[in-house]
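Chains Y and H supply the protein sequences, listed in that same order. If you're matching positions, the first sequence starts at 1 in the UniProt record's numbering and goes up one per residue. If you're matching positions, the second sequence starts at 1 in the UniProt record's numbering and goes up one per residue.
Hint data in this document are derived by calculation from the structure and do not stem from the laboratory. Treat the hints with caution; some may be incorrect.
Stated by the list, open to error - List time: in silico PhoX-like cross-link candidates among lysine-lysine, alpha-carbon distance up to 20 angstroms:
| # | chain 1 | residue 1 | chain 2 | residue 2 |
| --- | --- | --- | --- | --- |
| 1 | H | Lys429 | Y | Lys37 |
| 2 | H | Lys429 | H | Lys383 |
| 3 | H | Lys3 | Y | Lys77 |
| 4 | H | Lys383 | H | Lys258 |
| 5 | H | Lys208 | H | Lys54 |
| 6 | H | Lys429 | H | Lys35 |
Said to hold, decoys possible - Examples of chain H residues lying across from chain Y (beta carbon under 7 angstroms, computed):
| # | residue |
| --- | --- |
| 7 | Pro156 |
| 8 | Ile160 |
| 9 | Gln174 |
| 10 | Cys275 |
| 11 | Ser296 |
| 12 | Pro300 |
Glycine is no exception: its CB is placed at the ideal position from the N, C-alpha and C atoms.
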Amino acid sequence: MSKQGTVRVVNGRYKFSGEFHHATPNTPITNDDEGGKLVGVTNPRDMTYVHTYGGEAVFFEGLGKGILYGTRCDNPKCEFTGTQYIPFRIHCPDCLGRNTVVDFTKTCRTTATVHTFMVCERSGAFNVLDKPIKFINIEFEGVGTILMSYLSLGEPTIGMKVVPIFRTTDPTFTITDLSWVPEGADEGDLPDGFTFG
Amino acid sequence: MIKFSQRQLRIPKLLRPVYLVTAGQSKFGRAMPDKRTEELCVDALTMAARLIDKTPAELKSYIHSCYYGHFADHFGDQLLGESVIHDRLGLDPLGNIGVKTGGATGGSTLWETVKAVASGYSDCALAMGWERMDEVPTDEGNHLISCAADKDWETPLGHIYTGYYAVMAQKYWQVFGKEEESFRRTLAEISVKHHGYARFNPYAHSPKKITVDDVLASPVVAYPLRALDCCLMSVGAACAIICDEDTAFELTKNTKNKPLRIFVAAGSHTLRPACRRDMDIPLLPNETADQYADLSERFPGVDRYPGFTGFLAARMAAYYGYGMAGVTDPMEDFDVLELHDAFTISDVQTYEDIGLRPYGYGRDYVESGDCYHTNPHTGKPGKLPSNLSGGLIGCMHAVGATGIMQTLEVASHIWNRWAELHEDEALWKAFGRQKPDDWTDLQVKGAKRGMAISHAGVGSHVTTTILMDPDHLLS
Ligand SMILES: [Zn+2]
């Protein structure tokens, strides 16, 4: 089996190694209702994309270290200076100044409340979360926006107090490294690889 | 943005009157292995020509520029699919452009087309939309749709768009619906209505004679939403011909189509619902500043606008559209509507966003019977019937075509041609569909003005398309 493609940045450029696609032949699609007449073909695709987090990379790296970063507009000339953002926004949506990165881990541990939720029995291809997925949207004291994430223990309700947990062992460096559990949950009950940070 | 400048709130203006002249559509279905997309587009354009007694070649000779709505080109693995269609329609070397705004793609395509004519760039322009989501299995399809959410912050969470949308439904259900069984039944009634109207539409993908209890017994997709609360995923195409006044009257001379004045406006809101910030409710002409002062007392849990319970994009599209067309009260000024019923609950949310009812009271539009062709409580015509096509739940959601299909539906009532376009036995037979014995003419008698709403997913884009008989303008 060939090696799945990996990427590093060297001298400001992407350096690729391994396999980024697997060529698979097309197969015919025939119509059983009409004596096997040709209808079309399958077009198999197996590709690996490359993607930069840019100015958000610090957020995704922080999750594996048990830190939840958000941002704040500190531009004194901005009409909405002081507005705090989770999800992380690189730039203030009002003045377009570069926001200050702020460690919100403590705010999240002490003020996170479920704004709304949804228990979803289904998922799409490439999903790696356990089903049903308990989507929660979380509000924080002093933060202007409402983060989407998922609950790993218990059943969600509106107004429920939750605390963040982080995939600190073998992080995937995706948003799935951040999850939430009800306030007061035991560390021993957390999913594999997750800690309170 | 949570505060608007006066410049941003300026009512849009078209530089000259713009008209819908004709429109067409293909059959809609879940899968069409026997047809390429271009065949569906040819069907739609051929129908548009037929409605004004022209051959496709005659109609094409008027078209000066082309606007193509096609949302999900990653489904078909064909970039620049618009160019393929443009060539197959034989419209080269005219200028053409692709439009994609999620579920609002059809409406946005009309928005661009109308502006092209209003500006004087073209005297006659084509809006054509299509979609086909039948060429991948459902799981992969769910993943591809979830790519319309934020790739880093949402898509990895289950690769399922329903999850990102349904949190909003949950909030509405608890705060405004108060989790009442009676409200749950009202939602089910919308599905019964839309699948039921689809029974009289030969183009429709999902005609069904069902009851409220059938909806409530269908599988849970994301509580409280069940399978029969959700829109379809369809294949099909629809088109519209948009003209200036002289061309419109020339093209329709001695035909059954009267050119209809058309106004299209658009609004938007954050792609991630997470990024919605609290703001004041922008008011429509039929609302007053004080009427929402005690909203949070009447509906405990309302602590933000639009929060997760309203669609600011729909509100703004209505604000701009009503201003352009002179609408001061949508319940009085319109005779027929086509709304974007992606889910039964979002249908109710939209009633409030576009001012059919105040925020918190959308359900009354259904419970009063106003939304029906014939009010079930009185047996008289409904005050403002909606989704007589069957909507997205009963007729189709072939994304790029949807907003255009809705516009054709509204126009067919104002043209007084609804029965003619739906009753022909030969058409039912050609589509391999059985015309029901109780087929009913849903023509809204005397319809002069109507509106179609085109809406993307969690509310990132919404358009209002307003049609009026030019002899019954409001301003
Ligand atoms: Zn700022």
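inquiry  = Going through the numbered hints above, which ones does this structure break? Give me the numbers in ascending order.
reply    = 1, 2, 4, 5, 11 and 12
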